[in-house]
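Novice: Sequence:
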Amino acid sequence: MQTRLRSFNWPHLLLLLALWPYAALTAAAGWSPDAVLGAGTLGALLWLMLWERRLPQHQPWQALPAELARDGAFLGINAVAEALASALLMGLGIYWARYHATPGWAAELPPLLALPLALALGELGPFALHRLAHSRPWLWRIHSLHHHPAKLNAANSVLAHPLNVIWNKLARVLPWLLLGFEPQVMLWAALFIQVQGAAVHANIRGSLGPLDWLIGSAELHRWHHSALEGEAQNYGTAIPLWDQLFGSYLRRPRAQPKQLGLYARQAEMATNTLVA
1246 MQTRLRSFNW PHLLLLLALW PYAALTAAAG WSPDAVLGAG TLGALLWLML
1296 WERRLPQHQP WQALPAELAR DGAFLGINAV AEALASALLM GLGIYWARYH
1346 ATPGWAAELP PLLALPLALA LGELGPFALH RLAHSRPWLW RIHSLHHHPA
1396 KLNAANSVLA HPLNVIWNKL ARVLPWLLLG FEPQVMLWAA LFIQVQGAAV
1446 HANIRGSLGP LDWLIGSAEL HRWHHSALEG EAQNYGTAIP LWDQLFGSYL
1496 RRPRAQPKQL GLYARQAEMA TNTLVA
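Residue numbers (this note's numbering): 1246 to 1521.
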């Protein structure tokens, strides 16, 4: 039992447990949603990067100084992309409120029911676009940036094309707005999803055990970045629900892909789109 407990990815588990007091404290302090998300995401990245140094899954996956500089630049670029998407969503929200004054049915749900539903719906759109991006060259040209590294760590979790960031945010938040979820529910769901996005890329030893039937884990997500096409499954990030329902859930406890990066067909698509 002791060995089993030590094999757990405790930094990931503790990070998720810390979200609830963090949400309560920032709500009591009256922080804006942008401040909550920004500080929560940066805090999660720093926490995960600290534990990557102490408990690395693979030492060669540690981020090099040049890679940290690259990923820091993309963090800033994509913060601007997020702000643009938020401005667009705000405009759409104002329009919707003006011409559809009746709140959506989700506004009546209790938080304990609304939050898991918001998580599931918030993952559905990005999941569908993610699968599509792996099969459509015109989308793959944008998404492939995230798959080029042959290593995974918390820092390169933010390595994504700004358009990829924008379409994910729109696909996630629009259903929430249309269905009328309460602002706090949307904030907590968004915080969980963003923190999970960093945690599943983290180069930290251990697993979540049977919990990865319910929530995304680094052990699951590494298969998505496999250089073997048959292993590159698990398109969901925060939760594996849609992979389980649509047949792309791959779980191999205590096993790891031998190599990360682009597999042959992905490399061919990338070459073709670059030539085009």
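Treat the hints as calculated values from the structure; they're not laboratory data. Glycine included, every Cβ here is placed at the ideal spot set by N, Cα and C. It is possible that part of the hints are untrue.
Lysine to aspartate or glutamate pairs mimicking EDC-like chemistry, simulated, CA-CA at most 16 Å apart [claimed, not checked]:
#1 1396 with 1327
#2 1396 with 1316
#3 1503 with 1474
#4 1503 with 1476
Pairwise CB distance ranges, derived in the manner of DEER restraints [as the list claims (entries may be wrong)]:
#5 1283 with 1314: 15 to 25 Å
#6 1332 with 1353: 46 to 56 Å
#7 1321 with 1269: 28 to 38 Å
#8 1495 with 1277: 16 to 26 Å
#9 1291 with 1504: 42 to 52 Å
#10 1373 with 1332: 39 to 49 Å
#11 1259 with 1320: 34 to 44 Å
#12 1252 with 1459: 13 to 23 Å
#13 1320 with 1459: 36 to 46 Å
#14 1340 with 1284: 43 to 53 Å
#15 1492 with 1304: 43 to 53 Å
#16 1353 with 1321: 22 to 32 Å
#17 1395 with 1358: 33 to 43 Å
#18 1269 with 1320: 38 to 48 Å
Novice: Is the distance from the Cβ of residue 1320 to the Cβ of residue 1459 consistent with 36 to 46 Å?
Specialist: 28 Å, violated
Novice: Does residue 1396 pair with residue 1316 here, judged by a C-alpha cut-off of 16 Å?
Specialist: 13 Å, holds
Novice: Please check whether residue 1495 and residue 1277 have a Cβ separation lying inside 16 to 26 Å.
Specialist: Given about 39 Å between the Cβ atoms, the range is violated.
Novice: For the hint 43 to 53 Å, verify it against the beta carbon of residue 1340 and that of residue 1284.
Specialist: 30 Å, violated
Novice: Within 43 to 53 Å: is that where the Cβ-Cβ distance between residue 1492 and residue 1304 falls?
Specialist: 35 Å, violated
Novice: For the pair residue 1321 and residue 1269, does the Cβ-Cβ distance stay inside 28 to 38 Å?
Specialist: Holds, at about 29 Å.
Novice: If you check the beta carbons of residue 1373 and residue 1332, does the distance land in 39 to 49 Å?
Specialist: Between residue 1373 and residue 1332, where Cβ atoms are some 24 Å apart, the hint is violated.
Novice: Looking only at beta-carbon atoms, does the pair residue 1252, residue 1459 fall within the given range of 13 to 23 Å?
Specialist: 18 Å, holds
Novice: Does residue 1396 pair with residue 1327 here, judged by a C-alpha cut-off of 16 Å?
Specialist: Not satisfied, since the Cα-Cα distance of roughly 25 Å exceeds 16 Å.
Novice: For residue 1259 and residue 1320, compare the CB-CB distance with the range 34 to 44 Å and indicate the outcome.
Specialist: About 23 Å separates the Cβ atoms of residue 1259 and residue 1320, which means 34 to 44 Å is violated.
Novice: Looking only at beta-carbon atoms, does the pair residue 1332, residue 1353 fall within the given range of 46 to 56 Å?
Specialist: 29 Å, violated
Novice: Given the range 33 to 43 Å, decide if the beta-carbon distance of residue 1395 to residue 1358 lies inside it.
Specialist: 42 Å, holds
Hint violations for this structure: numbers 1, 6, 8, 9, 10, 11, 13, 14, 15, 16 and 18, all remaining hints satisfied.
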